[in-house]
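**Q** Sequence:
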Amino acid sequence: MKNSRLFEILYLLVEKRTVTAGELAQRLEVSERTIYRDIDALSAAGIPVFTQQGQGGGIRLMDQFVLDKALLSQTQQDEILFALQAVLAAGGGLEEKTLSQLTALFHREGGDWLEVDFTDWGSGTAERETFALVKGAILARRPLSFTYYSSAGKESRRTVEPARLVFKSGCWYLSAYCRMRQDWRVFRLARMEALVPEEGSCPPRHPPDRLETPPPGGAPGVDLQLRFQPSAAWRVQDYFHPKQITRGPDGCLLVSCNFPEDQWLLSFLLSFGSQLEVLSPGYWRDILIREGKKFLAVYETGQAVSGLRAYPCVRGRGETPAGKNEEVLPMEERKFCQCCAMPLDKPEDAGTEADGTPSGDYCRYCYQNGAFTVPDATMADIIAFNLKFNEENGHPFGTQEEAEKMMYNWFPTLKRWRKS
1 MKNSRLFEIL YLLVEKRTVT AGELAQRLEV SERTIYRDID ALSAAGIPVF TQQGQGGGIR
61 LMDQFVLDKA LLSQTQQDEI LFALQAVLAA GGGLEEKTLS QLTALFHREG GDWLEVDFTD
121 WGSGTAERET FALVKGAILA RRPLSFTYYS SAGKESRRTV EPARLVFKSG CWYLSAYCRM
181 RQDWRVFRLA RMEALVPEEG SCPPRHPPDR LETPPPGGAP GVDLQLRFQP SAAWRVQDYF
241 HPKQITRGPD GCLLVSCNFP EDQWLLSFLL SFGSQLEVLS PGYWRDILIR EGKKFLAVYE
301 TGQAVSGLRA YPCVRGRGET PAGKNEEVLP MEERKFCQCC AMPLDKPEDA GTEADGTPSG
361 DYCRYCYQNG AFTVPDATMA DIIAFNLKFN EENGHPFGTQ EEAEKMMYNW FPTLKRWRKS
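Once you know that position 339 of the sequence shown is 339 in the working numbering, the rest is easy, because the numbers rise by one and skip nothing.
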């Protein structure tokens, strides 16, 4: 403790050259008597420190004295200050004091010449707090628990043995040994919530040399051949290594790369919109085509993502959606079967009453001659039928889970299933 205080006094004298015993005592939270004993200890160690009485006096260093820093060139000194400034910007706390001391030691002025911020736009203090908690757990070798969200939005509670913080591709990641998976995993800090340091300590483990870990089950990645329009050049150069990029004679950029096959890859490719063409493998072209059809279902037929206001425009069992040139009425003007939710956009889609007139509420598949075609059907039966139709026709309503959630939200509002 005393040695730390002696260095603190020395740094303050290097920075200010003259300071009173009272100022030092207040700064270091000790008595003035202790300060004078410390000054004697510095003097005995060969530091040219002395006291000067009278107005303007105090404890001083000789003007010619500087700490020996000959082992570091000016470039190296700048690199040390840069590194400390970067760590401080990333969420450090104690580094600010060290940065101030070394700035004085190296006789640098304008210590705010550099600002490094690794956090996302609009992230606020939450990301910094997460960084500080993860950093503390690593240094203390303590397990850490948190709620984690995968790239597909799947939620899980993890307890890990944190080993290393890594900054890559604009994001902070934690490399840690996951006790649930019994293997090394990589977690993105922005997807971590409710962090809790656990009791106990972590056994010594060496993290993998590379940030990437193999996909669960050892599934290999996929080799992709991609072609990008020249307008996407800036993003391509941001995401891919120059050795992966070849510029064609037409200005397009050809990229050869390998990625794990997961939901993130689908989202990544879709983010380029029409600026990207997948050349191979062919089945990834089919995947993007199916996703494109889902987009059309949202915007051309008025299907809402929540599933509460709309439904894809399915003309009948086994029939195709309305063609691109066919007029689709606004959602507010459309009618839906009050049993199965099929759109009633055409007169021939309607069921019939007992007198043969068209039904205003039900489709021809659910209602004929004034009676339900399956009178003892339940809402769950109708939803199960629609889910089967969804699966057999390429999931026009989204995945089975998405479609089921949408139907169970909407069907209780339909006339046949509405609670009286």
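Hints are computed from structural coordinates only; laboratory data are not their basis. Check each hint, because a few of them may be wrong.
When the alpha-carbon atoms are kept at most 20 Å apart in a straight line, the in silico PhoX-like pairs for lysine-lysine are as follows [said to hold, decoys possible]: (1) Lys335 <-> Lys243; (2) Lys388 <-> Lys419; (3) Lys405 <-> Lys154; (4) Lys335 <-> Lys346; (5) Lys294 <-> Lys405; (6) Lys294 <-> Lys168; (7) Lys154 <-> Lys293; (8) Lys405 <-> Lys415; (9) Lys154 <-> Lys135; (10) Lys335 <-> Lys415.
Distance ranges between label pairs, derived from CB positions [what the hints assert, rightly or not]: (11) Asn369 <-> Glu391: 26 to 36 Å; (12) Glu199 <-> Ala132: 46 to 56 Å; (13) Glu155 <-> Asp209: 28 to 38 Å; (14) Glu193 <-> Arg37: 27 to 37 Å.
Here the structure is a predicted model, which is why all the values come from computation and not from measurement. Ideal placement from N, C-alpha and C gives every residue a C-beta, glycine not left out.
**Q** Next step is simple, just say for each hint if it's right about the structure.
**A** Comparing the hints with the structure gives:
no.	hint	verdict
1	Lys335 <-> Lys243	violated (56 Å)
2	Lys388 <-> Lys419	violated (26 Å)
3	Lys405 <-> Lys154	holds (16 Å)
4	Lys335 <-> Lys346	holds (10 Å)
5	Lys294 <-> Lys405	holds (17 Å)
6	Lys294 <-> Lys168	violated (32 Å)
7	Lys154 <-> Lys293	violated (24 Å)
8	Lys405 <-> Lys415	holds (19 Å)
9	Lys154 <-> Lys135	violated (25 Å)
10	Lys335 <-> Lys415	holds (12 Å)
11	Asn369 <-> Glu391: 26 to 36 Å	holds (31 Å)
12	Glu199 <-> Ala132: 46 to 56 Å	violated (19 Å)
13	Glu155 <-> Asp209: 28 to 38 Å	holds (30 Å)
14	Glu193 <-> Arg37: 27 to 37 Å	violated (51 Å)
Figure legend: structure checked against the earlier numbered hints; hints not met, in rising order: 1, 2, 6, 7, 9, 12 and 14.
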